[in-house]
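Visitor: For the working numbering, count along the sequence shown from 1 and bump the result up by 447.
Be careful, since some hints might not be right.
To be verified - Listed next, the in silico DSS-like pairs over lysine-lysine satisfying Cα-Cα at most 30 Å (straight line):
#: 1; residue 1: Lys503; residue 2: Lys536
#: 2; residue 1: Lys503; residue 2: Lys600
#: 3; residue 1: Lys681; residue 2: Lys669
#: 4; residue 1: Lys665; residue 2: Lys622
#: 5; residue 1: Lys778; residue 2: Lys709
#: 6; residue 1: Lys600; residue 2: Lys679
Stated by the list, open to error - Label pairs and their in silico Cβ distance ranges:
#: 7; residue 1: His520; residue 2: Ala666; range: 42 to 50 Å
#: 8; residue 1: Pro714; residue 2: Thr769; range: 30 to 38 Å
#: 9; residue 1: Asp631; residue 2: Pro714; range: 40 to 48 Å
If you're looking for bench data, these hints aren't it; they were derived computationally from the structure. All C-beta atoms in this analysis are idealised placements derived from N, C-alpha and C, irrespective of residue type, glycine included.
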Amino acid sequence: MEFKMNPDGSMIPIEVPAGPQDAATPGPQQEKQSGQLHMDPDAIPAPSVADGSLIKDSNTADFMQDVIEASMHVPIIVDFWAPWCGPCKQLGPALEKAVTQAGGLVRMVKINVDENQELAAQLRVQSIPAVFAFKDGRPIDGFAGSVAESQIKSFIDRLLGDAKPPMEQALDAAKEMLEAGTADEALALYQQIQTEAPDNEVAIAGVIRASLAIGDRKAADKIIDALPMELKNKPEIAAAMSAVELDEAAESAGDISPLRQKVDADPKNPEARFDLAMGLFAVGHHELAIDEFLELIRMNRSWNEEAGRVQLLKVFDTLGPTHELTVAGRKRLSSILFS
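Could you put together the complete structure from these sequences and hints?
Guide: Given below as C-alpha cells:
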C-alpha cells in the first residue's frame, strides 16, 4: 500500500483497502510500558529508545505530536478501531503483543474512529480495523481487517528492516551458546527469556533442548508434560519434543559394536539397521545415523509403519532445519522417495 500527503497535511492512501468488517472491540487501552528483557548489558545490546510509552491512545489534536513527529525517531503503527468492532478485539491485542516484543524499535498509537471521525476521513479509513505505519513523518505501509500473527510479524519486520528486537537478539545468542556446547549458559538465557515471554515457542523449545543437552531429560519431560496442547503443536516446540523422544529411543538401542555386527551379518534385516541407526545417533554419530536411516528407507520404506522415515525426520528436527546434515539429508531422502 502506498500513500501521498496533501499540501494541507492530510494523508491519502493511493490504494484504499475495501470491504466492510464485522463489529465489536475493546474499549480504550491503558498506556503500556516497555517489555524489554532485563539482560546483562554487556551480553545483549539494547536499542536506543526515546522516553514514552510503547502503546498509547491518541486523538486528532495530538496526532501530529504522537504520530507525525514521533515517527521521525521510531516507526509508529496507528490502529484505527471502535468499541463496536468485533475484528478489532482480535487484532488489537495481537498488535500490542508484537509491538511490545519489538522492545522499543516500534511504537503503537490507537485511534477511536467514533471520537476522531475527521482524522479517519482524512486517511480515508473505509473499514476497521485499519492499520497504518508511519516513518519519517509519513505513512509508508498499512492493511485493513484482522490478520494472522504471522502477517503482523511480517508487517513489523518490514518496518524494522535489519534491526532486531532485544528478544530476538537474546534468542540468537542462546542458540549460539547451545550450538557451541555451552548448554548451561544457553539454558539460563532461554529461561530468562521465557520469564519475560512465557508463551514464546522458541524460548520454550530452547529450554527443552538445553535441558536435554545437559543430560536432564526429567526436566525436559516435566516441561513438556505441563504444556497445553496449543503450545505442543507449535513447530519449534514439536521439533524439540521430537528430539526428546529420539534421545529416549536412541538410548535403548544399546552398544554400537553388536549392532554393527548384526547388520554386517544380515544387511537386509531392517530391524538390525534401524537399531544401528538409533545407536549411532545416541553416541553422536549423526551423519552415520542418517546414512543408515536412508539405507533402511531405500531397502524397505514401509517396514514397521515407515519407522525409518519417521525417526529420520525426528533427527532432522533435532539437528534443526538449517543444519548442513539436515539440508543434505532431506535432499537424499527426496531422491529416494521420488525415484
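Visitor: State for each hint whether it applies.
Guide: Now for the hints, and whether the structure bears them out:
1. With a C-alpha separation of about 16 Å, the suggested pair Lys503 and Lys536 falls inside the 30 Å cut-off, and the hint holds.
2. For the proposed pair Lys503 and Lys600, the alpha carbon gap of about 20 Å is at most 30 Å, so the pair holds.
3. Among the hinted pairs, Lys681 with Lys669 is consistent with the structure: their alpha-carbon atoms are about 17 Å apart, no more than 30 Å.
4. Straight-line distance between C-alpha atoms of Lys665 and Lys622 comes to about 21 Å, which keeps the hinted pair within the 30 Å bound.
5. Taking the CA atoms of Lys778 and Lys709, the gap is near 28 Å; set against the 30 Å cutoff, the hint holds.
6. For the proposed pair Lys600 and Lys679, the alpha carbon gap of about 21 Å is at most 30 Å, so the pair holds.
7. One distance hint, 42 to 50 Å for the beta-carbon pair His520 and Ala666, holds here, with the actual separation near 43 Å.
8. At roughly 33 Å, the beta carbons of Pro714 and Thr769 sit within the given window of 30 to 38 Å.
9. Checking the proposed 40 to 48 Å range against Asp631 and Pro714 shows it holds: the Cβ atoms sit about 42 Å from each other.
Of the numbered hints listed earlier, not one is contradicted by the structure.
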